[in-house]
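Protein chains in written order, with our numbering: chain A, 1265 to 1401; chain B, 1265 to 1401; chain C, 1265 to 1401.
It is worth saying that the hints were derived from the structure and are not from the lab. All values derive from a computational prediction rather than experimental measurement. Accuracy of the hints is not assured; some may be wrong.
Each pair may be met inside one copy or between any two copies, as identical chains are not told apart.
Simulated pairs of lysine to any residue, SDA-like, Cα-Cα distance not exceeding 25 Å [as the list claims (entries may be wrong)]:
id	residue 1	residue 2
1	K1357	A1290
2	K1357	V1292
3	K1357	G1275
4	K1357	T1392
5	K1357	R1333
6	K1357	G1393
7	K1357	N1318
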Amino acid sequence: MSVFQRVLSLGPRSRGLHEVTSEVAAVVGESPVDSGMCNVFLQHTSASLCINENADPTARGDLEAFLDRLVPENEPYFRHTHEGPDDMPSHIKNVLTETSLAIPVVDGRMALGTWQGIYLWEHRDRATGRRLVVSVW
Amino acid sequence: MSVFQRVLSLGPRSRGLHEVTSEVAAVVGESPVDSGMCNVFLQHTSASLCINENADPTARGDLEAFLDRLVPENEPYFRHTHEGPDDMPSHIKNVLTETSLAIPVVDGRMALGTWQGIYLWEHRDRATGRRLVVSVW
Amino acid sequence: MSVFQRVLSLGPRSRGLHEVTSEVAAVVGESPVDSGMCNVFLQHTSASLCINENADPTARGDLEAFLDRLVPENEPYFRHTHEGPDDMPSHIKNVLTETSLAIPVVDGRMALGTWQGIYLWEHRDRATGRRLVVSVW
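Excised from the complex, chain A in its bound form (with noise of 0.2 Å):
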């Protein structure tokens, strides 16, 4: 066997979630495979990713709202904050979301129910470009 691999290197992004389904779905695209998987790795821990509501942005909104409130900025017991307040609860909302997504791939393409879209999630207020590697097999 042999993993068809691609890295994405994304542009900085501004805080919250921005969908890369079509960038995704171009290196499945490109690879040889008709039936198997897709896995999306992010080789960072201060942004994540998910699988999401894609018709509605205001569900996207209410995620983002809804993140922020469950963990907050400068809680007074956290210690691992000299790149600015954004900087630990980044770590921590990576860990309660993705930094890894694996999606069947069905006849060339990702088999996404009719209303996933995949997010990268930005936790950082002035982040520089993220780099995902996408294999497919």
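We have chain A; now place chains B and C onto it with these hints.
Structure of chains B and C alone, referenced to chain A:
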């Protein structure tokens, strides 16, 4: 390599955790894979998957109670509410748990630990059926 | 295709995060895979896995402190408590984090980002050993 895939169409379930280990095990048993991996992927964003203790039903009840408290309905800042009070909490619960599970296959069977079961976690009060894509390689 | 598998039996660890990157890397190095994927699966429901920042120990401490506050012991509604106050919180923490991690393999090594390490997160106060199944393909 080829990946063995089956779609499991599950009928509507009540809100809460429902074990689906035997349904997934049946697909693994049907596959020709002796040593490999199994992936279970849920094509929906308002339910989720998890692996959890399957011996004591009180563990499931406590888990459901915890998540209902962590993600309450009717938060005043929620805007994605047109399908009812359980709409937005369902998407949040999905993101905090799993859409996709990977389990090793050893000697033709899933290598789950003694107390591990695979669960569909229905987050809606009145769900329709749910589709799982099971892949084995 | 064949998948290369090894079981890692880890001795008892104290409650908290314990890096296991080198143990997993040794299995990847032993495998014949040059370009592919690695999966780490934990056969338990009262500990978990995560990928986290491995440079600054304060990030680990803050992460442990956050999860202990998010999932407190002795909640009056918990019923699954026969193994002690850390019993039910352990299962909840497992569900909010990961049981299974997938990491791409590039040039014969795991393609982790610069600051990413693989951690076993022990949630019990007095755990026995833990078993990980590492699969490489």
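Going down the list of hints, with the structure as the test:
no. : hint             : result
1   : K1357 with A1290 : neither (28 Å within a copy, 29 Å between copies)
2   : K1357 with V1292 : neither (28 Å within a copy, 28 Å between copies)
3   : K1357 with G1275 : within (21 Å within a copy, 29 Å between copies)
4   : K1357 with T1392 : within (18 Å within a copy, 29 Å between copies)
5   : K1357 with R1333 : both (11 Å within a copy, 15 Å between copies)
6   : K1357 with G1393 : within (18 Å within a copy, 28 Å between copies)
7   : K1357 with N1318 : both (20 Å within a copy, 16 Å between copies)
Of the hints listed earlier, those the structure fails to meet are numbers 1, 2, in rising order.
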